[in-house]
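**Student:** Now for the letters of each chain:
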Amino acid sequence: MLKWKSILLHLGLIAGLIMSIFPFYWLLVMATRTTSEIYSFPPKLWFGPHLFDNIARVLSSIDFFGAFWNTLFVALACTLLVLFFDSLAGFTFAKFNFPGKKWLFVLLLATMMVPAQLSLVPSFVIMAEFGWVGTYKALIIPGMVNAFGIFWIRQYAQESVPSELLDAGKIDGCGFFRLYWNISLPILRPALSFLAAFTFIGVWNDYLWPLIILNDESKFTLQVALSSLNGIYTTDYSMVIAGTLLAVIPLILMFLFISKQFISDIAAGAIKS
Amino acid sequence: MKNSMLNHPAPPEQKAVPSQPKQRLAPEIWKHRKEYLAISPFFIVFAIFGLFPIAFSMFLSFQKWDGIGEMTFNGLNNYQFMLTDPEFWKAVGNTLLIWVYSTIPMLFFALIIAFLLNAAFVRFRTFFRIGYFLPNVTSLVAVAIVFGTLFSNNYGLLNYVLSLFGIPSVEWLNKTWGIQLAVSVMVIWRWVGYNAIIYLAGLQSIPTVLYEAAKIDGASGIQAFFKITIPNLRPIILFTVITSTIGGMQVFTEPQVLVGNDGGVSGGGLTIVLYLYREAFVHNYFGYGAAVGWGMFLLIALFSILNWRMVQGKPSND
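Chains U and P, in that order, are what the protein sequence lines are.
Per our numbering, the first sequence runs over residues 169 to 441.
Per our numbering, the second sequence runs over residues 5 to 322.
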């Protein structure tokens, strides 16, 4: 009885898993086929031999590595800045008292409710005013600190950074910054690694804002380059698909590497808030 | 706030020295300047790139402006145009339909997956969790390109599957419902695992003592489900409903990459954000785009409140 139930349950889970994984498999299959094979009927369901010609055509029609490095640069810059500013602010909110702290924190939480699209047009106008349109400043600076990360670090710091340790540090003559940098930051590492992955993935996949801001092909991030590839080269579909595959692989690898911890942190974050 | 008022009624002795905190405020603030400095980057960035744009978008929504030439005061014309533009209402309708088509199946499947994963005798739980979560990490542009081939009008995989059953091909991406179905399937595919993981965490945080007590009292599995599981899971369900409403109102990348800036031949993929993007950044109606932003903000607020009421409003057990 229990055995049957268990088998049925696993079959259900495996069916769901196949649905979840199938588009990745399909992407891989199509990336190994020619365009006429992609458009053939019945479709080819197994891998073909054309992966490397397709990739070669991607590399010759767009500056794929350029876009890759652009994306990596923007994502790393945002992530490092977010880690620094969010952890500093989160640590301060968790471990210090100062006038107005409660209200400032409520204000910070309230900012999370504001939908980004509301300020899409004026943000663009401001960037134009600053002369930042077409530059990475427009992508990095607004994203260099965020409310979610501060909230996240504060929750973690409250539980894990012992106040006694900070007091001991103070007695030993540590200033504010050293209490943060030398004493607290090492303790905050698990919370920081989740925040880093979360921010990195978000920036890497961002599309709407870079699409609006970046007007020069040499500055395109991967997502914008990919969508332009899709718009311009629809006759060479196998190339578009190969480009998509190339753009997906690095992030998937990174995710698989960190997935276990990342997923439980996502779940924990949702339960807490 | 409510709690602090209840828990800490101000003792009368403190009221005797009313002006003391105010006199000390300035030196107090100076003493804590490092703390203020530490939290200031967020507030500065928010003021410049969050708060100011909101005020500015209010101003802009009353102007007629193409982004380059002169700004001219336009009164309520932008709003009037928005409310009478059939395209706007079409975008609102499309967004709501896509939201309904995607959210209900998504949360339903997520709950089922979470229940299956939570069963005591499931093996390889971590493996399944990673597999289900994988779609969420992938970029939307890539997802839209891949699903474009699945739903392709003539040679797509879906039409092939239909042909196996003797059903003639459907031009998915030329039909309103076809585009909306494709977009909804993308949303479901990308978010079902994410929500399942969150439900799973919720299920695991319910104390097993409750179930044991119910069993002793002779409750059936179904009774335990409706009397223990659902009430305890309610905050989590509320969280997922709210987040998927906010996400659902902002669908943009899927239709834009799939069928272009006009939402496809039939316009079925023209969502509110796509409409905003097209009017503001393709047609350069900046003032109008700002007004649409406000319309969207109101819709999101309205739906979040409605959701809140619906999920919270059910008769609770306490």
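Please keep in mind that the hints were generated in silico from the structure rather than gathered at the bench.
Careful, some of the hints might be misleading.
[What the hints assert, rightly or not] Subject to a maximum C-alpha distance of 20 Å in a straight line, what follows is the list of computed PhoX-like cross-link-like pairs (lysine-lysine):
id	chain 1	residue 1	chain 2	residue 2
1	P	Lys-231	U	Lys-338
2	P	Lys-35	U	Lys-338
3	U	Lys-269	P	Lys-38
4	P	Lys-38	U	Lys-263
5	P	Lys-38	U	Lys-270
6	U	Lys-270	P	Lys-35
7	U	Lys-171	U	Lys-263
8	P	Lys-179	U	Lys-269
9	U	Lys-263	P	Lys-231
**Student:** Give a verdict on every hint.
**Tutor:** Do the hints match the structure? See the list:
Proximity of Lys-231(P) to Lys-338(U) is assessed by CA-CA distance (about 52 Å); at most 20 Å being required, the pair is judged violated. Of the pairs offered as hints, the one joining Lys-35(P) and Lys-338(U) holds, with about 15 Å between alpha carbons and a cut-off of 20 Å not exceeded. Distance restraint check for Lys-269(U) and Lys-38(P): the Cα-Cα separation of roughly 13 Å lies within the 20 Å cut-off, and the hinted pair is therefore satisfied. Our distance criterion of 20 Å between C-alpha atoms is met by Lys-38(P) and Lys-263(U), whose separation comes to about 13 Å.
Note on Lys-38(P) and Lys-270(U): the hinted pairing holds, with a Cα-Cα distance of about 17 Å set against a maximum of 20 Å. Between Lys-270(U) and Lys-35(P) the alpha-carbon distance is near 17 Å, which keeps this suggested pair within the 20 Å criterion. Restraint check for Lys-171(U) and Lys-263(U): not satisfied, since their Cα atoms lie roughly 52 Å apart, outside the 20 Å limit. Note on Lys-179(P) and Lys-269(U): the hinted pairing is violated, with a Cα-Cα distance of about 54 Å set against a maximum of 20 Å.
Restraint check: the Cα-Cα separation between Lys-263(U) and Lys-231(P) comes to about 40 Å, which exceeds 20 Å; the hinted pair is violated.
In this structure, the earlier hints numbered 1, 7, 8, 9 are contradicted, and the remaining ones agree with it.
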